[in-house]
Every structure is written in structure tokens, then in C-alpha cells.
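Residue numbers (the working numbering), protein chains in the order written: chain Y, 1 to 279; chain A, 1 to 303; chain B, 1 to 420.
Honestly, I wouldn't trust all of these hints.
Mimicking BS3-like on lysine-lysine, the simulated pairs with C-alpha atoms at most 30 angstroms apart in a straight line are [stated by the list, open to error]:
no., chain 1, residue 1, chain 2, residue 2
1, B, Lys171, B, Lys219
2, Y, Lys41, A, Lys145
3, B, Lys219, B, Lys173
4, B, Lys171, B, Lys364
5, B, Lys236, A, Lys125
6, B, Lys234, A, Lys125
7, B, Lys148, Y, Lys41
8, A, Lys145, B, Lys173
9, Y, Lys41, B, Lys59
10, B, Lys364, Y, Lys41
Worth flagging that the hints you see were computed from the coordinates, not collected in a lab. Owing to the predicted nature of the structure, the values given are computational and were not obtained by experimental measurement.
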Amino acid sequence: MHKARHNPLNAIAAHAALLTWTAIALFPVAVILINSFKTRKAIFREPLALPSPDSFSMIGYQTVMKQGDFFLYFQNSMIVTVVSLFLVLLFGAMAAFALSEYRFRGNTLMGLYLALGIMIPIRIGTVAILDLMVQTGLVNTLMALILVYTAQGLPLAVFILSEFMRQVSDDLKNAGRIDGLSEYRIFFRLVLPLVRPAMATVAVFNMIPIWNDLWFPLILAPGEATKTLTLGSQVFIGQFVTDWNAVLSALSLAILPVLVLYVIFSRQLIRGITSGAVK
Amino acid sequence: MATRSRLHVAVFLAPAVLVYTAVMIWPLFNTLRLALYAAGDEGRVFAGLANFATLFGDPRWSGAFWNALGNNFWFFFIHMIVQNPIGIALAAILSHPRLRFAALYRSAIFIPTILSFVIVGFAWKLILSPIWGIAPGILDAVGLKALFAPWLGREDYALTTLALISVWQFVGIPMMLIYAALLSIPEEILEAGEIDGITGWSAFWRIKLPLILPSIGIISILTFVGNFNAFDLIYAAQGALAGPDFSTDILGTFLYRTFFGFQLQLGDPHMGSAIATAMFAIILTGVCIYLFAIQTRMRRYQF
Amino acid sequence: MTQGRLGRLSGLMLTTALIATGAAAQDVTLTIESWRNDDLSIWQDQIIPAFEAANPGIKVAFTPSAPAEYNAALNSKLDAGTAGDLITCRPFDASLALYDGGKLADLSDLAAMANFSDVAKSAWQTDDGAHTFCVPMASVIHGFIYNKTAFAELGIEVPATEADFFAALDKIKADGTYIPMAMGTNDQWEAATMGYNNIGPNYWKGEDGRRALIAGTQKLTDEAWVAPYRQLAKWKDYLGDGFEAQTYPDSQNLFTLGRAAVYPAGSWEISGFNAQADFEMGAFPPPVANAGDECYISDHTDIAIGLNAASPNAEAARTFLEWVGSAEFATLYANALPGFFSLNSAPVEMADPLAQEFVSWRGKCHSTIRSTYQILSRGTPNLENETWNASANVIRGSETPEEAGARLQAGLASWYEPQK
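Build out the structure end to end from the sequences listed, making use of the hints.
Right, here's the structure in full:
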């Protein structure tokens, strides 16, 4: 191939740039993780030092663990996140396909309607949403959260997926139609596999706000049995909280599961992206 | 086509439209409606556009509104000139076919994006703190201590600092989207370019960039919508009063303060809804400009 | 009232009977909404067990949320009918609005209300004093906490006058071992609460000035209200480097790690500081202008607890509230949380020396509450929130004391009739 692709100087420059940004990206996370394992004095004396036998302390984690069933919280967060993501992707992709594939009256209007939701912060609808959940008896259930996050995730999903679906070749779909495939089969068998990179992207985008949300769990499902991890650790993060050991440990506990989830998903994400690109 | 039943269109649309309408649009509509009412002695009374007259006519309200809007544009501007170019550059480097450890870099750079605002606000406040000395210590180590200032506490720097923290957090999103777009460019196109002697940077500028323009369009509009809805980072770092002296107040914090109240100030759903409606109008305008003026003119390529 | 007692009695008998037959499933669980997430373990380990031991059949769950979200989250839950049975009450208008909106029940007929003075109840009453809707729990007192070791090292006496105060700060600054004063302006409320409303009562003569402001006979541009800002403007030189970005936890940690000598405080800090500081601490009230002047302190009615009007467990909740109004609770709470001073008329013995120091000022000085809390923060712009902003601006030096006074006065006059 060509010189540009082999030039070692270019490769070094590329690694230098990526390494620099990687360091910038990971530094704050590292600061929190490192300090969560240190005594209070050591946190303030040398915030950058690694925990040493002298300064090592798990006191923060002990405080946090005493306050609640973090395994249950984790399980709740998992259920809410995974189910919401599944529904967002399924419903979103179906709607995006309808919008990008078929010409029908009101298509543009429907697209705009489905995009309205990303233009108003859903938080201001809180009281009305809570009313709805009270009427349907869904308060303090995980279902309430799943419904809200599904609705909240749909606009972005439709927006991104329809953009990508427009790039799927018409020839392919028409070939399918000639072979007598139903529209549903065309969607599930031909189109969905092709937009996997976009689906993975949407999944990652939506996972973050769902996992990290504090507001709706606080309002819709604050009960002990339905508490999410973020809400459970929130007790330690407030205006009046000085116990930095507990704060840092709670933050670390909130980071770790997302990191693990992300590492799992990111494999899928990358596989999705590359498999889409090879076509 | 014409002979086929159109039922499938409805089937495809129904689940999304139902959930979205019931749980999002209806509650939001019910809330925005409040903008036309005011609290009277006997409950709610219809007030027409009086709340909007107050919002734009009363200097106290309009001052706060324009301040927040101006800050919001600056916040958006920083994202456009810092976040998106860095994201595109990182994606361009990452998409290099022979790059080693690409997966590792990609994952690491995306990590800030998956953190909650509480964590991001806390971590950066800790790092930038003039007292615990991580940032001053680092600057000192490279002999630049004089450059340090308590950025988050200074009116001139606070908003820009927060915008850069937000860039740090979200740069993974444009990176991933552009990366996906770059990977989906067929090899034949690039090879055709190479035959014509277009390689390296000029290949990027002359072949890849035009092909990923639609993705850049999406990123820009997503950044716009995200920034004009932003709230959490400022709230986590500076509180609902968005100090110092409202220099970091954006529409999201202004709305929250008004709608839900803050400290001794009681929430005012009517003025709050008026602000939300104004925000909605601003964002809708931006999205319409994108949908009708930009998206329709952009050339799209099917591979 | 007899009905309430009877109900309680029969409730008690019923639960005894049920327990006798082993059917503990009939227990009523009361949920408390609160912003005091710091106190979670104290409620769980001390207060609730004491109540449950004395009242079998009633279980209590304390479910705090973060202070910053408390009002917004509580109001949403009350509107939808999903809030807990017992509501921790903010003082004055926030709770009054809930009562007026029918969210809080009238508790005037609670027997325990007799244990509280009118002043103690004033923060949770209708303007005419006819209805009380929360049982007062505690007040907090402002002043300065200092590092005794540091003062001894530098040979500094506890300051009584303004001149002493600044002389002491100068001496600490000249020595350089300690940051003279731990305060930051990043969170704004520190500047207003531990700054302006801490030292202010000496200038506006406590209740006299506060009532005059409400009556409209004094203005925020008067010397009595601008002078505290002039003091705050002088503080800038004694704060740590980069105080503009210093947050409230930063300030607390600076002091408890022994890096700063003086901490402008609210008494609620005592229990946290006791746990974290490893040096001896003392406290002094805000300094007066000249030796021998009458002194005034901010002794602010801060926290109370009320009954959700929609609670299905009103009977049990009232039992709990009667207990909160008892001398037993007062002693338990004041000692579990030194620095939260009981509002109960019954005298409370406190073991903590720092808490004793704070509460001793009640005998020497005149008590008042924070100037902005009653009535004056009902409109927009909100005087309390404006005071946060102005106090932070004055300390940072971006607004002069006179400008701050003029701006706040204009804001107040824009909606408050007596000030127009």
C-alpha cells in the first residue's frame, strides 16, 4: 500500500495524541478510585499518592456498606437499564424504519413529533408523570422507571436510527421484496443487522443517563425494594456531607458497575460497528 | 407498493408512539399548558400571555433570561469549537487500519462519558480545588504555578471551565459516531482515491470528510439540543444559583430554580413553564433549521 | 383530644393483643421525609429504637434525601400523594405554603404543643398564630468555632470586640502557620448564613431590626443593614488562597484538619467537628463593636416535623409527634446531635462542652432568627437567595457593601408592600 500508511513517525504521533487524551480522560477517575482507599488525612495531604500500608483504609466502604443493600440496588439498576434499553432499541428501530422507508402522509410531521421529546427537559413533566404512575398503581415499581426511560430514550433513538437507515441500500430491500419477503422480515432480517453499529451507539448513549439518573428514582421509586444504585449512593453526596471517605467510596461503587457494563457492551459495540462497516 | 396494505407502517410506529405519547408528550403538554395560567386566590386562573410578558418585559426576569441564554450560547460555542474537532480528530486517528491498541484507546476515551454528573462535578472540583492542590501541584511541577487561578470561583473563567469539563466528559460521543461513519466508508472508494494519488491527509479532507458530513450534521444538532437542555453539570458543580454571581447560569438551571424553587424561594410552575416553553421554542427553531435547511441539502450516500 | 387519647389507648390494647397472639404483621410503619441525610445513623441507631421500644406496633423508617433536592422532591411527592407520613419541616414560608395547600395537617390540638413557647412555634404557624402545623425540634446558633491549640500557640485571647477580632486575624496571618479563617464563596450560602446572618444581629439589634424591616420602618440601605456587609468585605484578606472556588466541605475540612484557625460556624457543625478534629475547639459569639455593648445572636428555629395530611396512618403518626414533643425526645435529640438545640421548654442537660458554650450565649445575649426567613422571602426576587449572592459578591469584592444594600432594597421593594 502507500507510504502514508506505514510511516513510523505518523504512527508515533498518533499514539502520542491518543495516549495524551487517554491520560486526560482517565486521570479524574483514577483520582477518585485511589483516594477512596485512603485515610481521611492522606486524602488531603497527598491526593495523588497511591495508598500505602500507612494510608490504606477501607473505612469509607464500610460506612457505605452499612447503609443499605447495595447488591439489591445494583440488581434494580441492572433490570431497569437493560429492559429500558431493549425497549428503546426495539420500538425506536421500528419507528425509525417506518419513517425512513415509507412515504406516507404526515411522515415529516411524525418525525418532528417524535423528535419533540429531546427539546424539552422531561424533568418538568415530573408531577404529571407521577400522577400517571399513581393512577396506574405503578409507583414504587421498576416498571414506572422503565416506562419513563423508554419514553425518554425514544426520540434520540428514532432520530439517530432513521438517519442511518436512510443509508441502507434500496436495492437490497427491493431485492428482498422481489423474493417475497414481508415488510417485517425485511426489517428484522435485512435492515436491522445493517444498522447494528447505530444500534450499539444508541444503546451506549441511552445507558448512561438511565444508569446515572437520580431524579426519577427519587420521585417514582424511592422505596427500599426498588432503590437504584445511584439513589442508594446519593445519601452520601449532599451539601452537608463532609465524610469524604464515604463520598469517595460511594462514588467508586457507583463507577465500577458502569465500567464493567461498558466493557461488556463496548465489545458488542465495536463488533457491531466493524461488522456493519465490512459490508 | 400501492397494492400492498399499509398496515405495517402503523404496526412499526405504534409501540413507540404510544409509550412516547403517554409517558412523555402528554405530561409535558400538561405542564407547558401551565404557562398560560397564574396562581390566583382560588386556585389557578387563566392568564393568557401574561407570564411571557413578565418573562420578557420585567427587567428582573428578562435580565436573568438573556444572561442565561447568552451563557448557553457560549457553552454551545465551546463545545462546537473544542469538543467536535477533537472528537473528529480522535476518530480519524483511531480509524487508521494498522493502528495498534485501537480498542484500548477507544474504550478509555469513552469512559468519562459513562460517568454520572455527580461524579464528574465532584472529581473536577477536587482536582481544580485551590486547597487540595492537584491542579496547582501539577502546574507547579512544570513551573507554571503562576497560571493557576481558582477558575470555578472567578466570573470570567467559571463558565468556560465548566464547558471544558463538559467537553472532557462528552468527547466520546462525536468520536464514536464519526468513528462508525469512517469505518463504513467502503475500501473501494479509498482505493480509487489512492490510484488518483489522494492519500493521507488529503484523502481525509477530500474523500472522507465529505462522506461523513451527514454524521457531523447529526453531531452538531445533538450538541445543540444537549447543550440547551444541559443542567446537571452546572447544578452539581455550582448549585442551583449557578455562581459566581450567575456567571454560569444557563437556561436549564434558570428553569430548575424557577420551576421547583430553591431554598426559601418557592417553586413557580407557571413562570417555570413559561421559561420551558421559551427553551422549547429556541431548540425547536434550531432543529427545524437543521431538518429543513441543512439536512435536506446535504448529499447522502448509500453504500 | 380525649378522642385521640382513647384512640391511642385502644390502638395500644389492640397491638398488645396482636402481639400476644404473635401477629406482628399488623404493625404500622411510619415513613419520615427528611433532608438530614447526615443524621441517618443517629435516627436508625438511637432515636427510632427508643420510640419503637416504648410504642410496640409502630415501626418508623427514616428516609432522607439530599438537602438540595429535598424541597423539589417532597413537593412532587406530596402533589401525587406518595410522600411519607411524617414530613420534616423547613422553617417559615416553605412549610406554610404546604399547610396552606392542604398538604400538612393542623397540629394545634396536639397535647405536646404546650411544651413549646410561642417563639419556638412561630416558624411553623400561620401568620396570625392560630394554627401550628409542625412540632418544633431544634434551633441552631451562629458564632465562631476556633482552634484552641492554634490560639494558645500564638498567644491569642478569645476576641470580644471587632477590634480584637481583626487583631487576632492579623496575628494569625502574620504568623503564617494557619489560614486565619476557613470560608469560601463557591457555594454562596456560607457567605450569607455563616457570614451576614452570623454577625449581622449585632448591627441591626436582633429582633428590633428584623421586625422593623418587616414593618417597613427600616430599609436594607440603612447603616444597620449595610454595616455587616462592610465587615464581610474585610474578611477577604483573611481567607485562604482561592477562596472563590472553595466549597463548604472544603471549608469544613480545612478547619478540622487543623489548617485554619477560625471557622465562622453554625452550631450544627459540632457533632461532625467532634468526630473529625483531633485538637481542642472553643467557640465565641459574634464580636460587638465596643466592649460592653449588648450582644445579639442568631438562634434560628431551623427544623420541625409535621404530619402529611394525606397519611393513612395519622393515628400512629400523632403518637410519634406527641413523643417528639416530649422532654424525653428533647434530651435524646440534643445529645445525639449536639448543636441542634432543643426548643422544648423543659430544660435539657447537654454533655458536650462546645454545645454548652454555644447555648450559654442565650443567657448573655439577645436571640433572634435569620433576618430573611420570615415573610421577606415570599416574593420574587427572593431576599434570602439574593442575600446569598450579595454576600458572596461582597466578600469577593465584586460588589461594594452599599451597592449590595441598594440592590437588595430595590428587589424587596419591587414586591413587598411595606417597603414600597
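Need the status of pair B/Lys364, Y/Lys41: alpha-carbon distance at most 30 angstroms?
Not OK: B/Lys364 and Y/Lys41 at ~38 angstroms, beyond 30 angstroms, violated.
Take the C-alpha atoms of B/Lys148 and Y/Lys41, compute the straight-line distance between them, and say whether it is at most 30 angstroms.
holds (20 angstroms)
Straight-line Cα separation of B/Lys171 and B/Lys219 no greater than 30 angstroms?
Status violated; Cα separation ~36 angstroms.
Would you check the hint for B/Lys236 and A/Lys125, treating anything up to 30 angstroms between C-alpha atoms as holding?
Judged against 30 angstroms, a Cα distance of about 21 angstroms means the pair holds.
Need the status of pair Y/Lys41, B/Lys59: alpha-carbon distance at most 30 angstroms?
Not satisfied, since the Cα-Cα distance of roughly 39 angstroms exceeds 30 angstroms.
If you draw a straight line from the CA of Y/Lys41 to the CA of A/Lys145, is it 30 angstroms or shorter?
holds (24 angstroms)
Proposed proximity, B/Lys173 with A/Lys145 (alpha carbon, max 30 angstroms):
Satisfied, since the Cα-Cα distance of roughly 22 angstroms is no more than 30 angstroms.
Take the C-alpha atoms of B/Lys234 and A/Lys125, compute the straight-line distance between them, and say whether it is at most 30 angstroms.
holds (26 angstroms)
Would you mind confirming whether the straight-line C-alpha gap from B/Lys171 to B/Lys364 stays at or under 30 angstroms?
Given pair B/Lys171, B/Lys364 holds - Cα atoms ~28 angstroms apart, limit 30 angstroms.
Quickly compare the C-alpha distance for B/Lys219 and B/Lys173 to 30 angstroms and report which way the hint goes.
violated (36 angstroms)
When held up to the earlier numbered hints, the structure conflicts with 1, 3, 9, 10 and fits the remainder.
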